[in-house]
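Below are the chains, spelled out letter by letter.
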Amino acid sequence: MLNISALRVLILDLRSRRFGYVIFEGPQTLLDWGIRTYAEEKRSSLERRLNDLQSMFAPSVILVRKAVERNRISQLMIRLALRTLTVFAKRTLITVFLVDESSLRAFFSREAKLNKHDIARMIADRFPELSWRLPPKRKPWQSEPTRQSIFDAASLGVFYFAEHTKIPPNLAPTPR
Amino acid sequence: MQQRPLPKVDQKPLDNYLRTYRKHAGLSQREIGHLLAYSDEGAVSRHEQSKTLPPLLIAMAYEVIFQKSVAELFPGMRETVKITVEQRMLRFEESLEQRRRSGSRASRVAQKLSWLSERQNTREE
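Keeping their order, the protein sequence lines are chains A and B.
The letter at position 166 of the first sequence is residue 166 when you use my numbering, and the numbering goes up by one with no holes.
The letter at position 77 of the second sequence is residue 77 when you use my numbering, and the numbering goes up by one with no holes.
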């Protein structure tokens with residue numbers, strides 16, 4: 001029988017020139033996290049970065065958060081990156097799941113309407129090792145900080161494990 | 001919520017968890033390298049990626065830094081060593097049984113066999 005606490009999952013928040021990643025081992029343990037950039041015009045660049053993560057952590061599942069890009073060129077870049085990822089996953093026999101933004105939002109907003117920063121704050125509460133990377137709340141005229149990607153990826157991990165375990169998401173916002 | 005299936009394979013532990021413990025501590029590879037008296041972060045990176053194995057003294061230094069036993073820091077490596085040694089022990093026991101049957105150095109062989117069976121019992125407990 002599968003031991004879910006030993007299940008390693010690589011979660012990617014894929015953007016056009018970079019990706020935020022988090023690696024879970026079971027629902028409670030974060031093995032690694034960070035941001036990697038890649039040259040969007042070179043397929044090998046993304047593949048090399050994925051290879052590095054695969055050889056170090058040997059995940060059995062890759063979850064990809066489908067980012068919504070408004071720019072058409074960025075949309076195209078993401079589509080190409082997804083194709084590279086699919087080829088990589090086939091070669092390494094890893095299952096890939098694509099999760100769209102709406103199902104994630106639905107999961108986290110069951111009790112109260114939450115924005116990305118609220119979710120990131122809850123992730124930081126649950127995984128204190130990430131708290132020092134928590135970005136400050138963004139003003140409407142500011143662009144999204146790069147490190148937000150790590151929290152977006154981590155929230156997808158929480159979502160995935162909540163689907164398979166009885167562990168409550170425990171994501172009620174804490175007053176600050 | 002549409003459920004995504006779980007993979008059917010069970011996973012082995014990683015060769016080492018150095019990177020995980022380092023990141024949990026918020027330390028950089030350079031800082032760990034400095035604590036281990038390396039001139040740069042290269043060796044730490046190679047250890048984390050299991051490209052090279054740390055020497056015994058460095059493994060002990062990792063144990064001191066992260067306050068985790070070597071077995072906890074290198075569980076996959078430990079598992080590999082354990083399997084290999086256990087297989088060799090089995091072959092050794094078989095060869096001892098053969099020697100006992102042939103009757104050469106009987107008492108010495110009997111002592112080794114009794115140690116092996118004692119060891120087996122302790123392991124099962």
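Hints are not guaranteed to be accurate.
If you only want the chain B side, here are some residues facing chain A, beta carbon under 10 angstroms, derived [as the list claims (entries may be wrong)]: (1) Arg-19; (2) Ala-25; (3) Gln-29; (4) Glu-48; (5) Glu-79; (6) Gln-87; (7) Val-109; (8) Ala-110; (9) Trp-115.
I should point out that these hints are in silico values taken from the structure, not numbers from a laboratory.
Just so it is clear, CB atoms sit at the ideal spot from N, CA and C, and this is done for glycine as well.
**Per-residue hint verdict: B/Trp-115, partner chain A, C-beta under 10 angstroms** = violated (34 angstroms)
Under 10 angstroms, Cβ to Cβ, is where B/Val-109 needs to be relative to chain A, so tell me if that hint holds or is violated. Not OK, violated: B/Val-109 not within 10 angstroms of chain A, min 41 angstroms.
Let me know if the C-beta of B/Arg-19 comes in closer than 10 angstroms to any C-beta of chain A, holds or violated. Result: holds, 6 angstroms to nearest chain A Cβ.
Original post:
How about B/Ala-110: closest beta carbon in chain A under 10 angstroms, or not?
Top reply: violated (41 angstroms)
Tell me if B/Glu-79 is really an interface residue toward chain A, meaning its C-beta lies closer than 10 angstroms to one of theirs.
Interface hint status for B/Glu-79: violated (12 angstroms vs cutoff 10 angstroms).
Legend entry - Restraint outcome when B/Gln-29 is required to lie within 10 angstroms of chain A by C-beta distance: Because about 12 angstroms separates B/Gln-29 from the closest Cβ in chain A, which is outside the 10 angstroms limit, the hint is violated.
Q: Go through the hint on B/Ala-25 and say holds or violated, using the shortest Cβ distance to chain A against 10 angstroms.
A: The hint holds - B/Ala-25 has a Cβ within 10 angstroms of chain A, the shortest such distance being about 9 angstroms.
- Item | Restraint satisfaction for B/Glu-48 [CB to CB of chain A, less than 10 angstroms] | holds (7 angstroms)
Problem set entry | Interface hint status, B/Gln-87 versus chain A (Cβ within 10 angstroms) | With Cβ-Cβ at 23 angstroms, over 10 angstroms, it is violated.
The structure shown violates the earlier hints numbered 3, 5, 6, 7, 8 and 9.
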